[in-house]
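First to last, the sequence lines map onto chains A and B.
Anchor point for the first sequence: position 106 equals 109 in our numbering, and the numbering is continuous, going up by one each time.
Anchor point for the second sequence: position 35 equals 201 in our numbering, and the numbering is continuous, going up by one each time.
Since no wrong hints were added, every one of them can be taken at face value.
From the derived model, a few chain B residues whose C-beta atoms are all more than 10 Å from chain A:
id, residue
1, ARG203
2, HIS205
3, ASP261
4, ASN313
5, VAL314
6, GLU389
7, THR406
8, GLU450
9, LYS517
With a cut-off of at most 25 Å between alpha-carbon atoms, the simulated DMTMM-like pairs for lysine to aspartate or glutamate come out as follows:
id, chain 1, residue 1, chain 2, residue 2
10, B, LYS517, A, ASP62
11, A, LYS133, A, ASP120
12, A, LYS7, B, GLU440
I should point out that these hints are in silico values taken from the structure, not numbers from a laboratory.
This structure is a prediction, so every number in the text was calculated from the model and none was measured.
Note that beta-carbon positions come from the ideal geometry of N, C-alpha and C, so glycine has one too.
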Amino acid sequence: MLRKTGVPTDDLLRQVTPSEERLRRGPVAIFECFERIPCDPCQHACPTGAVQPFEDLNDLPRVDHQLCTGCGRCIQACPGLAVFVVQEDLDECSALVGLPYEYCPLPAPGDVVTLLDRQGRAVGQGRIKKVVRPGNRGETPVVWVIVPRGLAMTVRHIRPEGENRGADQPTGGHHLPV
Amino acid sequence: MTSVLEPEVAVVGAGPAGMAAALAAAEGGADVLLIDREHRLGGQLVKQTHKFFGSSDQEAGIRGIHIAERLGERIRQHAAIRIWLGTTVIAYYPDGVLLAEKAGHGLVKAKPRCLVVATGAAERHLAFAGNDLPGVYGAGAVQTLMNVHGVLPGQRALMVGAGNIGLIVSYQLLQAGVQVVEVIEAAEEIGGYAVHAAKIRRAGVPIRTRHSVLKVEGDSCVEQAVVARLDEGWKPIPGTERVLQVDLVCLAVGLTPLTEILWQAGCRMVWVPELGGHVPVRSETLETTVPGVWVAGDAAGVEEASTAMIEGELAGLAAAHRLRPLKEFDERCRQLRQALAELRAGPLAAKVRRGLARLEGGTC
Ligand SMILES: Cc1cc2nc3c(=O)[nH]c(=O)nc-3n(C[C@H](O)[C@H](O)[C@H](O)COP(=O)(O)OP(=O)(O)OC[C@H]3O[C@@H](n4cnc5c(N)ncnc54)[C@H](O)[C@@H]3O)c2cc1C
Ligand code: SF4
Ligand code: SF4
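With the hints as extra help, turn the sequences into a complete structure.
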């Protein structure tokens, strides 16, 4: 299915989802990279060694979630824009998602944005917590967005309010408690 | 007409392959003439704003445009490399003379002892009614308009082709604020990397495989496109037609190597569809069947910038070695060939591997 739709199946996602226990413990990276392609920057970017050394350039990233601190360096480095960091319990009602975002203008902390899933469907509203701008090596900006609790594994993109660049999509879904 | 310049090595094309070839040849002690018809170095790289894959040892994770800047910097600093930009090579004569048209200078000539052809590839077109209407573009042209000239090619786009180029240019259209209505692909599956597909899917762009464009309509420019599902025999299924309101139809249906100079040189050429069309038969170090003429990059078979750079280095090194034998030549060739093999090892490079195997096995 992945090669027909471009959207990973639940089965594939399960393979890269950390354990419940690890998810509860704080921010952790999710590598949605399912295909052997010649690519390894995530491994070189990781400061803790959580991404295991590649034997072959085409290896899939193997991640030791116990070593991952959720710092998000791999998001900045990954050319496939395939890594996300999730923190499932930011507080009682919200979670945090760190995602790669290469659109102008970059959102600013406090902005309210539409939350999109892997198919670009609006699933609710979120608020920007922090934006990490690119350094001088052309890194991918990382947007940290507060999302309704329970949506950390669903939200994979954001859209500034009132904008629509993809196909014509209905909107709807959860709203962030204010 | 000016006198004939006699460089030891001439490199035609200053994309990643040609730049790497010029550097390797110059570092191997040769004096080099690097020629490109464009007015800046970089070839395809100058319009590639996305980050490249590949090994971290070889510029992976760096944006194409930055790779071009880095290589360009090294080339300009190298005293042994002369650069002719805005110069189109139009002929290669049996006596080894390259004839070129240089902007502002008319015709110019060079007679190199070694020639590296790194002319890249040209975009393919697709036959359908209305394909000559303004608003129907090649994906490469759209990329040049947007990323080099800062011109928006349209407001609502249909992308035809879901290989890496179709997926990446769709993403760049989105980044430029263009609505990408749909990406269609005639094959059963998406041809490009799933991570590129996922990027545009989460921005809301549908990708429909087994679909093609039947016709494009409009008075004086594109106003709508008709697409349909294809059956197993690649024929449109009646009743599945849909009309899309678009003002831009972008074709990303493949590239074909630019090989005119190689044909003129008399290189033995073979038809290898997996590599994009006619390509020259060549040795392990990319020398064609005409001694002293090398090929590198997309001109040798349509691939990637990462492989183009290594091929360029291999060809440039081999040319320098021909002029003045280099120490450790064999070892460096082995390393470069190893790096190429690694880049071509993944499942998505299977087609290229098949093409190269046929070429090497002489079964074309
Ligand atoms: C949208 C898109 C995205 C891509 N993304 C990636 C990627 O992520 N990673 C990757 O590795 N690769 C990528 N590629 C592929 C990569 O750009 C090409 O494989 C690579 O540029 C080929 O290098 P080259 O030097 O052989 O040719 P080119 O870059 O095409 O350079 C050829 C040069 O030759 C010049 N030339 C041609 N004929 C003549 C003549 N007669 N006289 C003078 N000059 C001439 C041209 O002007 C040009 O500058 C992408 C390509 C496209 C189109
Ligand atoms: S989030 Fe940080 S620690 Fe975790 S894998 Fe990525 S780079 Fe390594
Ligand atoms: S850098 Fe990104 S695309 Fe490359 S292997 Fe790592 S996760 Fe996959």
